[in-house]
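**Student:** Going down the list, the sequences are from chains P and V. Each residue of the first sequence is one higher than the one before, starting from 2 at the first, in the numbering used here. Each residue of the second sequence is one higher than the one before, starting from 447 at the first, in the numbering used here.
Derived from the structure by calculation, the hints contain no laboratory data. Treat each hint with caution, since some may be false.
Claimed, not checked - No farther apart than 30 Å at their CA atoms in a straight line, the calculated lysine-lysine pairs in the BS3-like style are these: (1) P/LYS286 with P/LYS134; (2) P/LYS399 with P/LYS331; (3) V/LYS807 with P/LYS231; (4) V/LYS811 with P/LYS275; (5) V/LYS571 with P/LYS261; (6) P/LYS134 with V/LYS826; (7) P/LYS36 with P/LYS60; (8) P/LYS134 with V/LYS830; (9) P/LYS261 with V/LYS811; (10) V/LYS710 with V/LYS571; (11) V/LYS826 with P/LYS261; (12) P/LYS275 with V/LYS826; (13) P/LYS231 with V/LYS811; (14) P/LYS231 with V/LYS826; (15) V/LYS830 with P/LYS261; (16) P/LYS275 with V/LYS710; (17) V/LYS671 with P/LYS275; (18) V/LYS830 with P/LYS275; (19) P/LYS286 with V/LYS811; (20) P/LYS261 with P/LYS161.
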Amino acid sequence: MKIIIVGAGEVGFHIAKRLSEESNEVVLIDKDEDKINRINENLDVYALLGSGTSPQMLKSSGIAQADMLIAATDSDEVNLIASMLACHLNPSIIKVVRLRNQEYIREEGLLNKDLLGIDQIINPESFMVDTIKNLIMVPGASDVIDFDDGRVKLIGITIKPDSEFVGRRFNTFSEHHEKFLVGAIIRGDQVFIPHGEDTIQANDLIYVVARSDDLNGILGRLHVEHRECKRIFIIGGGQVGFTLAQSLDNTNLNVKIIEKDSRICNSLADRLQKVIVINGDGTDKDLLLEENIADADIVLAITGDDETNVLISLLAKRLGVKKTITRINKLSYIPLVFAIGIDTVVSRRLSAIRAILQYVRKGKIISVAPLKGEHAEAIEAEALAGSNIVNRPLCKVKFPKGSIVGAIVRGDDVIIPNGQSIIQEKDRLIIFALQNVIPKLERLLTMHLD
Amino acid sequence: MHPRSILRFISIIILYLAIALSVPTIVSVIYHENSVFPLLYSMLITLGVGLILYFLTQTHKELILSHRDGILVVTFGWITAGLIGALPFMLSGYIPDFTNAYFESLSGFTTTGASILNNIESLPKGILLWRSIIQWLGGMGIIVLSIAILPYLGVGGMQLYKAEIPSPVIEKLKPRISDTAKTLWKVYLLITVIEVILLFVGGMPLFDSICHAFCTMPTGGFSPKNLSIAHYGNPYLECVIMVFMLLAGINFSLHYRFLKGESKIYVIDPECRIFLLIVISFILIIVIDLYKEVYGSLLESIRFGSFQVCSIITTTGFVTADFDKWPSLSRKILLICMILGAMAGSTGGGIKTIRLILIAKHSYKEIFQLIHPRAILRVKLGGKSIPPEVLSSIWGFVFLYLGILVLASLIMAHLGMDMISAFSSVCACIFNIGPGLGTVGPTQNYLSIPLIGKWVLIFCMLLGRLEIYTVLVLLVPEFWKK
Numbered sequence: 002m003k004i005i006i007v008g009a010g011e012v013g014f015h016i017a018k019r020l021s022e023e024s025n026e027v028v029l030i031d032k033d034e035d036k037i038n039r040i041n042e043n044l045d046v047y048a049l050l051g052s053g054t055s056p057q058m059l060k061s062s063g064i065a066q067a068d069m070l071i072a073a074t075d076s077d078e079v080n081l082i083a084s085m086l087a088c089h090l091n092p093s094i095i096k097v098v099r100l101r102n103q104e105y106i107r108e109e110g111l112l113n114k115d116l117l118g119i120d121q122i123i124n125p126e127s128f129m130v131d132t133i134k135n136l137i138m139v140p141g142a143s144d145v146i147d148f149d150d151g152r153v154k155l156i157g158i159t160i161k162p163d164s165e166f167v168g169r170r171f172n173t174f175s176e177h178h179e180k181f182l183v184g185a186i187i188r189g190d191q192v193f194i195p196h197g198e199d200t201i202q203a204n205d206l207i208y209v210v211a212r213s214d215d216l217n218g219i220l221g222r223l224h225v226e227h228r229e230c231k232r233i234f235i236i237g238g239g240q241v242g243f244t245l246a247q248s249l250d251n252t253n254l255n256v257k258i259i260e261k262d263s264r265i266c267n268s269l270a271d272r273l274q275k276v277i278v279i280n281g282d283g284t285d286k287d288l289l290l291e292e293n294i295a296d297a298d299i300v301l302a303i304t305g306d307d308e309t310n311v312l313i314s315l316l317a318k319r320l321g322v323k324k325t326i327t328r329i330n331k332l333s334y335i336p337l338v339f340a341i342g343i344d345t346v347v348s349r350r351l352s353a354i355r356a357i358l359q360y361v362r363k364g365k366i367i368s369v370a371p372l373k374g375e376h377a378e379a380i381e382a383e384a385l386a387g388s389n390i391v392n393r394p395l396c397k398v399k400f401p402k403g404s405i406v407g408a409i410v411r412g413d414d415v416i417i418p419n420g421q422s423i424i425q426e427k428d429r430l431i432i433f434a435l436q437n438v439i440p441k442l443e444r445l446l447t448m449h450l451d
Numbered sequence: 447m448h449p450r451s452i453l454r455f456i457s458i459i460i461l462y463l464a465i466a467l468s469v470p471t472i473v474s475v476i477y478h479e480n481s482v483f484p485l486l487y488s489m490l491i492t493l494g495v496g497l498i499l500y501f502l503t504q505t506h507k508e509l510i511l512s513h514r515d516g517i518l519v520v521t522f523g524w525i526t527a528g529l530i531g532a533l534p535f536m537l538s539g540y541i542p543d544f545t546n547a548y549f550e551s552l553s554g555f556t557t558t559g560a561s562i563l564n565n566i567e568s569l570p571k572g573i574l575l576w577r578s579i580i581q582w583l584g585g586m587g588i589i590v591l592s593i594a595i596l597p598y599l600g601v602g603g604m605q606l607y608k609a610e611i612p613s614p615v616i617e618k619l620k621p622r623i624s625d626t627a628k629t630l631w632k633v634y635l636l637i638t639v640i641e642v643i644l645l646f647v648g649g650m651p652l653f654d655s656i657c658h659a660f661c662t663m664p665t666g667g668f669s670p671k672n673l674s675i676a677h678y679g680n681p682y683l684e685c686v687i688m689v690f691m692l693l694a695g696i697n698f699s700l701h702y703r704f705l706k707g708e709s710k711i712y713v714i715d716p717e718c719r720i721f722l723l724i725v726i727s728f729i730l731i732i733v734i735d736l737y738k739e740v741y742g743s744l745l746e747s748i749r750f751g752s753f754q755v756c757s758i759i760t761t762t763g764f765v766t767a768d769f770d771k772w773p774s775l776s777r778k779i780l781l782i783c784m785i786l787g788a789m790a791g792s793t794g795g796g797i798k799t800i801r802l803i804l805i806a807k808h809s810y811k812e813i814f815q816l817i818h819p820r821a822i823l824r825v826k827l828g829g830k831s832i833p834p835e836v837l838s839s840i841w842g843f844v845f846l847y848l849g850i851l852v853l854a855s856l857i858m859a860h861l862g863m864d865m866i867s868a869f870s871s872v873c874a875c876i877f878n879i880g881p882g883l884g885t886v887g888p889t890q891n892y893l894s895i896p897l898i899g900k901w902v903l904i905f906c907m908l909l910g911r912l913e914i915y916t917v918l919v920l921l922v923p924e925f926w927k928k
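With the hints as constraints, model all of the structure from the sequences given.
**Tutor:** Following this line, the structure appears as structure tokens:
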């Protein structure tokens with residue numbers, strides 16, 4: 002696939018990196034010379050210095066032959082113009098546009114085929130807000146991913162050393178097998194798709210697929226805390242902090258937001274109704290104690306600065322908070338912070354990548370979610386008539402080693418499959434797969450012509 | 447300051463009053479009353495004065511009204527209207543004394559409804575109708591004043607409602623305000639007509655229906671009957687009047703929006719919601735207090751209790767029961783009703799619900815701040831932050847209101863009234879209600895008050911009606927400096 006990315010900021014950079022790793026032909030355009038240099042040094046992509054809103058620039062990037070344009074600058078206006086130009090220069094191109102202003106997103110008909118022809122909007126901030134909200138609902142989980150509009154949930158749970166499941170083999174879970182399935186295990190840097198003979202070890206991060214309705218029972222059985230959070234501290238009142246606070250406003254939750262900048266505080270106070278806005282430094286222990294942080298159910302450290310977020314989370318844990326969510330932008334930090342006891346991390350990068358991956362994959366892929374560490378993915382795909390997977394028992398389908406069907410969604414039913422389950426056409430499948438078997442899986446999911 | 451523009455506007459007001467005077471004159475002719483000529487002379491005098499002023503101020507230049515001119519037109523407009531309103535009373539000889547006639551007339555124009563008349567029913571129909579028309583016109587003036595002019599002048603924190611007028615232009619008051627005014631007057635007229643019909647259907651004579659409707663909508667409270675609404679003893683009529691008093695106590699721009707199809711606006715609007723809540727809770731308290739104590743049946747307690755609460759809190763002042771004889775708790779609740787008043791943007795007086803809400807919220811904010819010293823807090827109404835200037839202006843307004851109330855009460859007491867009567871007479875006038883307690887209670891009138899007392903009360907009516915600042919600012923020397 003040939004892909005043009007406009008904007009080499011954090012989001013553009015990460016997308017370019019991921020796409021180039023999957024052997025796509027990527028062209029990156031940015032106005033900043035330093036960024037272009039950095040990309041040329043680090044990534045296997047073709048980086049161009051120039052403006053993404055210049056038709057000449059887009060032409061010389063080879064837009065006429067490109068399959069996809071990703072407009073990922075910080076400016077909505079630049080992104081919209083870039084996509085308009087792309088539409089003009091190559092009407093059949095797939096356009097993925099980063100938009101932050103909710104007004105544009107809410108305006109119906111603005112983004113449709115006739116006017117701008119945008120195929121997919123990416124809004125990493127709001128994606129991150131959704132992720133955080135999911136995590137607030139299931140405070141015991143380290144990761145929560147929605148599939149099929151939230152009817153199926155993928156929950157990542159860290160197994161504590163004192164858990165009674167440590168050392169148990171997966172096939173001993175068979176009595177619950179109807180209800181849920183362990184799809185992937187992340188142990189240290191390794192990801193693997195489990196077999197019945199594998200055992201659970203301490204500090205494993207296991208990914209469980211389950212129907213949303215069954216979730217509470219399953220979490221109870223796994224001894225995961227699933228009490229809903231009541232008292233929430235948000236530290237950092239930027240775009241993410243505000244959007245989150247706004248979506249939790251006018252609920253019965255008790256939300257406080259702490260922000261250092263008094264001007265931002267004023268604007269937050271004007272726009273929020275019930276949320277209490279506090280002007281102060283989130284790393285100030287006295288302030289946190291004064292506001293009774295020890296009684297908080299969850300602390301969200303989501304300022305724009307990774308180091309501050311890590312410190313706040315550690316401080317909050319020291320002060321007795323059970324659960325913290327830490328926003329980390331630099332991916333290289335993530336293994337480090339796990340080592341010092343921070344378990345739940347959110348980042349813009351995963352959100353941005355998740356939004357575009359479905360357009361890169363072949364077959365009828367509905368959505369793709371990279372799992373922690375990004376060496377494995379959960380894929381939501383539609384089973385096509387004529388492909389090799391339909392109308393035969395699962396144990397007869399030659400799924401590549403390192404992939405497993407986690408759930409089958411058929412109409413209103415969600416089926417957790419076993420070896421005898423049969424996939425029908427139009428079923429939606431949720432498949433776990435290691436990154437290196439994804440090409441094989443793609444071949445399996447596409448139409449078989451003979 | 448532009449004296450020519452100011453006089454021009456006042457001359458227009460006078461000419462409109464001349465036209466209004468023709469209505470009672472015609473009625474007088476129809477009923478063959480002796481008040482025909484006094485009314486006709488009043489009309490001619492008014493017409494003459496109006497025309498002279500109008501032609502003297504004739505100019506080719508565009509009329510300019512500055513901020514200060516606006517204040518002057520409003521205040522002197524009301525004072526002049528009071529003078530013209532008094533003419534028929536004096537010329538007809540029914541109220542020969544100037545002070546009494548002016549008191550009656552200004553009480554009408556400020557929609558207070560305080561009367562110095564002993565035997566109202568002895569007056570000819572023409573004069574009675576004029577009394578009601580005065581109130582109705584006063585109400586019209588107040589709607590424009592409270593929705594269009596005062597918010598724009600920023601009086602007493604009312605800049606809150608500025609947003610309702612599309613982009614006010616500083617130098618020219620006229621164009622947009624006249625549009626707003628016309629729309630609101632249509633609403634006012636419509637509701638009045640509906641009330642006349644409902645009262646007439648309920649068996650009230652047509653003349654009485656018109657008079658009562660004309661005095662309900664401006665929350666005035668003049669009645670052509672000595673016993674006010676109690677004269678009819680008809681629960682249906684009381685019910686109709688009670689509902690329309692409440693309507694008159696609600697911001698007229700809400701009625702407009704309701705008629706435009708926003709059916710839930712009364713519940714959505716935060717001020718209206720709280721106003722209705724206050725009315726209901728006061729009715730409940732009074733009904734509980736009255737039941738068994740004064741009235742034997744629960745239904746009667748509700749009937750008289752709710753009518754009096756609605757009448758006093760909307761500052762109308764109609765009566766169906768002598769609430770001065772009620773138990774002490776009920777009387778105190780009514781006194782609180784007097785002070786609270788109706789909604790801003792209505793024809794009612796008092797401190798206004800909106801100011802009460804904001805003061806309560808501001809106080810809560812201060813207490814909350816003690817618990818969270820670092821919190822950034824805002825006083826909000828309907829999701830919007832209220833700027834601190836508006837809040838301080840409201841505090842100033844309320845403090846001034848209560849200060850004047852205390853001062854005027856002391857003067858009245860010094861003139862020989864007992865404390866309750868003195869306090870309630872000032873309340874009844876400054877909040878534009880009408881009847882008070884004690885010697886100015888619902889079955890009494892203001893005739894016996896000494897001369898100085900009457901002028902103090904006249905001043906209070908004007909102060910209360912024009913939201914204090916508009917009048918007091920004229921007493922500041924800085925206002926008159928070039």
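**Student:** Take the C-alpha atoms of P/LYS286 and P/LYS134, compute the straight-line distance between them, and say whether it is at most 30 Å.
**Tutor:** 26 Å, holds
**Student:** Starting from P/LYS231, check that the Cα of V/LYS826 is at most 30 Å away, please.
**Tutor:** 24 Å, holds
**Student:** Within 30 Å, alpha carbon to alpha carbon, are P/LYS399 and P/LYS331?
**Tutor:** Roughly 38 Å between the alpha carbons, so the hint for P/LYS399 and P/LYS331 is violated.
**Student:** What's the verdict on V/LYS811 and P/LYS275, does the C-alpha distance respect the 30 Å limit or exceed it?
**Tutor:** Holds: V/LYS811 and P/LYS275 sit about 12 Å apart, inside 30 Å.
**Student:** Could you grab the alpha-carbon distance between P/LYS261 and V/LYS811 and see if it respects the 30 Å cut-off?
**Tutor:** Roughly 21 Å between the alpha carbons, so the hint for P/LYS261 and V/LYS811 holds.
**Student:** Would you check the hint for V/LYS710 and V/LYS571, treating anything up to 30 Å between C-alpha atoms as holding?
**Tutor:** 41 Å, violated
**Student:** Tell me if the straight-line CA distance from P/LYS134 to V/LYS826 falls inside 30 Å.
**Tutor:** 27 Å, holds
**Student:** Regarding the pair P/LYS134 and V/LYS830, is the alpha-carbon distance no greater than 30 Å?
**Tutor:** 26 Å, holds
**Student:** Holds or violated: V/LYS671 with P/LYS275, Cα cutoff 30 Å?
**Tutor:** Violated. V/LYS671 to P/LYS275 sits at ~52 Å, over the 30 Å cutoff.
**Student:** Holds or violated: P/LYS261 with P/LYS161, Cα cutoff 30 Å?
**Tutor:** 35 Å, violated
**Student:** Tell me if the straight-line CA distance from P/LYS275 to V/LYS710 falls inside 30 Å.
**Tutor:** Given pair P/LYS275, V/LYS710 holds - Cα atoms ~24 Å apart, limit 30 Å.
**Student:** Would you check the hint for V/LYS571 and P/LYS261, treating anything up to 30 Å between C-alpha atoms as holding?
**Tutor:** 72 Å, violated
Of the hints listed earlier, those the structure fails to meet are numbers 2, 5, 10, 17, 20, in rising order.
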